[in-house]
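Number of protein chains: 2
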Amino acid sequence: MSLLQQMTDLARCAKLASRQLAELSTTEKNQALKAMAAALAACSPALQKANARDLESGRQMGLNDAMLERLMLDDKRIVAMAQAVRDVADLPDPVGRILDDRTRPNGLRLQKMSTPIGVVVIIYESRPNVTADAASLCFKSGNATILRGGKEALHSNQLIAAAMVEAGRSALGDRFPASAIQVVPTPDREAIPALLSLTQYVDLCMPRGGEGLIRTVADCSKVPVIKHFKGVCHVFVDRDADPAMAMSIVVNAKTQRPSVCNAAETLLIDQTVAARWLPDIAAQLATRNVELRTDPVALALLRSRTGPFPLILSPATEQDYYTEYNDMILNVRVVEDVAAAINHINQYGSGHSDTIVTANEATARRFLAAVDSAAVYWNASTRFTDGGEYGMGAEIGISTDKIGARGPMGLEELCSYKWLGFGTGQIRT
Amino acid sequence: MSLLQQMTDLARCAKLASRQLAELSTTEKNQALKAMAAALAACSPALQKANARDLESGRQMGLNDAMLERLMLDDKRIVAMAQAVRDVADLPDPVGRILDDRTRPNGLRLQKMSTPIGVVVIIYESRPNVTADAASLCFKSGNATILRGGKEALHSNQLIAAAMVEAGRSALGDRFPASAIQVVPTPDREAIPALLSLTQYVDLCMPRGGEGLIRTVADCSKVPVIKHFKGVCHVFVDRDADPAMAMSIVVNAKTQRPSVCNAAETLLIDQTVAARWLPDIAAQLATRNVELRTDPVALALLRSRTGPFPLILSPATEQDYYTEYNDMILNVRVVEDVAAAINHINQYGSGHSDTIVTANEATARRFLAAVDSAAVYWNASTRFTDGGEYGMGAEIGISTDKIGARGPMGLEELCSYKWLGFGTGQIRT
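In order, the protein sequences belong to chains L and A.
According to our numbering, the residues represented by the first sequence are 78 to 506, in order.
According to our numbering, the residues represented by the second sequence are 78 to 506, in order.
Incorrect hints may appear among the rest.
Copies of the same chain look alike in the list, so a pair counts if it works inside one copy or between any two.
Listed next, the in silico DSS-like pairs over lysine-lysine satisfying Cα-Cα at most 27 Å (straight line) [stated by the list, open to error]: (1) K92 with K304; (2) K189 with K307; (3) K304 with K189; (4) K111 with K189; (5) K307 with K92; (6) K153 with K307; (7) K92 with K228; (8) K126 with K299; (9) K304 with K153; (10) K153 with K92; (11) K189 with K92; (12) K126 with K189.
Honestly, the hints are just simulated from the structure, not real lab data.
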């Protein structure tokens, strides 16, 4: 059987499964999820065995220690994975929400109701827990999932999916479609373009991982893709900021967890206050070993600074302003005013998360309106852009796209909608 | 200058314009729209002159009469076009709506607010009034538009856009960005893939027209596309229907305006009532010259029917069930029950508009839940799927996609959203 034929079968089965999923009640879905969580916990020994095979071939493939560490499943990780599935069962059902309700002059009542999307392809890298996370979020939102993890995790991923499907069937019998959760069974790279050419069956693709992976997927896909690109996030310290608050937000946004997409990469500071506040901010960052890449004005302000922790300074290149460091490095640029800060962010940012620190409401409102990003904050750290922090319970990623979903994607963002029309025989005249 | 360079300049200017549009107030936008409406009406003679050039070269290109008729602008059409722009000014501003509002335990307030999408490319065929319609809807929703009409309408389209831009500038001065409304200046077909490769500037493409055009655009585009595909719409007459209502809805859905996408193409009727009701429905359709393409069971029921208006009958092929006739032709199929009707619709339909006629609420609820279409009706004609009928005021099209917008797309559907976070210094711990 050709690869395209194999992918077509997979996708066609997923589409049929999605029809059945659309008819499951909330109670049924939650029953199945609880059974899945129990099954994952119960199959921990078998899962660790499958994972050991993946680790072994990973070593042979020459994966580095960090990659092997991400790939590894132990008891603790499996318990956490099962608990995450149980948590999804406890979240409200995102399907069937009435988003609009209007009755027209002719008496026709129109309701806009949230629905599943249909068939969702998730493409991701090493961590096998993504398999359970993504599958449970998609299942709860009534979507059939086709999962494509890293080839190094294939055995682990297949066993996780199989355990979830078996648990679903034991909980719901034939009401649970066996193709609700599928793992692409081949590591062949050509499987991805084949699968993403099937617009008649696949409704959405979400790649999660490095920028290269996402660009490759988006480039080859004929189905809609919601991209979760990099986070080049900014803190703008306005002239009317409270300096202590500014300090605290800059330090938090950069250093609390520098490896994640909502960490700040660039500090912008208003020229009126830069001379007064920047040296102290820089000194504080130096205590945490943050390297600063600065524009000439900031460099001049900081160069002579001495203290117990020496500053690590170098001039910023234009490319630096586009870069997601995911590391203890921060660009620093002195800007003329809020308008210049907005322009910088819209030019160099990635539309992820940006914040202004100011006590001036008019300035803040302008910043909130003009910065074209998924999340724009006033007097808060960029680090809050996260499904959990937003009260969504869990997230499948953070979209930097503007069509379909933007920002943290929880269960509601895994839904589409349809219009229901309730008539009493209305015809159009 | 290469075509790609030319398109890049166009798109970059549009992106910059979209930043300025995002900062316009509702009052400013409405002022500009009213000035545009007045300008279109005022330039009627010049517009008819440009249109005469288009008509002349259209004749030389060998356009048929129907195409020339669609292309033609006269006083009446220009007045209607101007009025449509004025109507958009009177609609509520879709930007700035608060779609969600939550305060987290840490005091961080999160508001989900509607925003413009950014840069929208509209690709369409003959009618020049689409230029003014699309440009005004995009402008009101804060989006910069790049318009690509049929090459036969280039002069008319360019003059319409120029008149609108000039009016915008005279109303708002420098606050109105000259690149808010642009027409692709070349008829070169390669302009489309060039423009739709510019993911850094273009946020969305909406092709409007025949299936071939839409597929070509979707195939070459690297930016998100919202497709407005064909309407293969169904009426299902359930065993518990009121027969008079069923008759009225079938006749309306098929014959009231057969050329449009929300007209019905297939009648499904429950086997329990087919023998009793189908002959009368067929006879009524015969009075309106509707040709019936029937499955064997319906054919057997109808073959012996005589009357003043003879039935036009032929057997339906499987391909017929997939076909949008846009004509006085209706497929007729007898189905076992509501489940079979749902399966038929999900298999052969285009996810546009489908209706059930029944007095049985449980049957209706099942149909509404399971039919995977943009609009699903209970006891109403499929013909209601329309921005005007939905109270949206105007529509830019009817999406058969599930990501971004589904069903009629009015001003609200031309929006994205962002999250605003209002803090008092919150940091993440």
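- Hints not upheld, ascending by number: 4, 6, 8, 9, 10, 12
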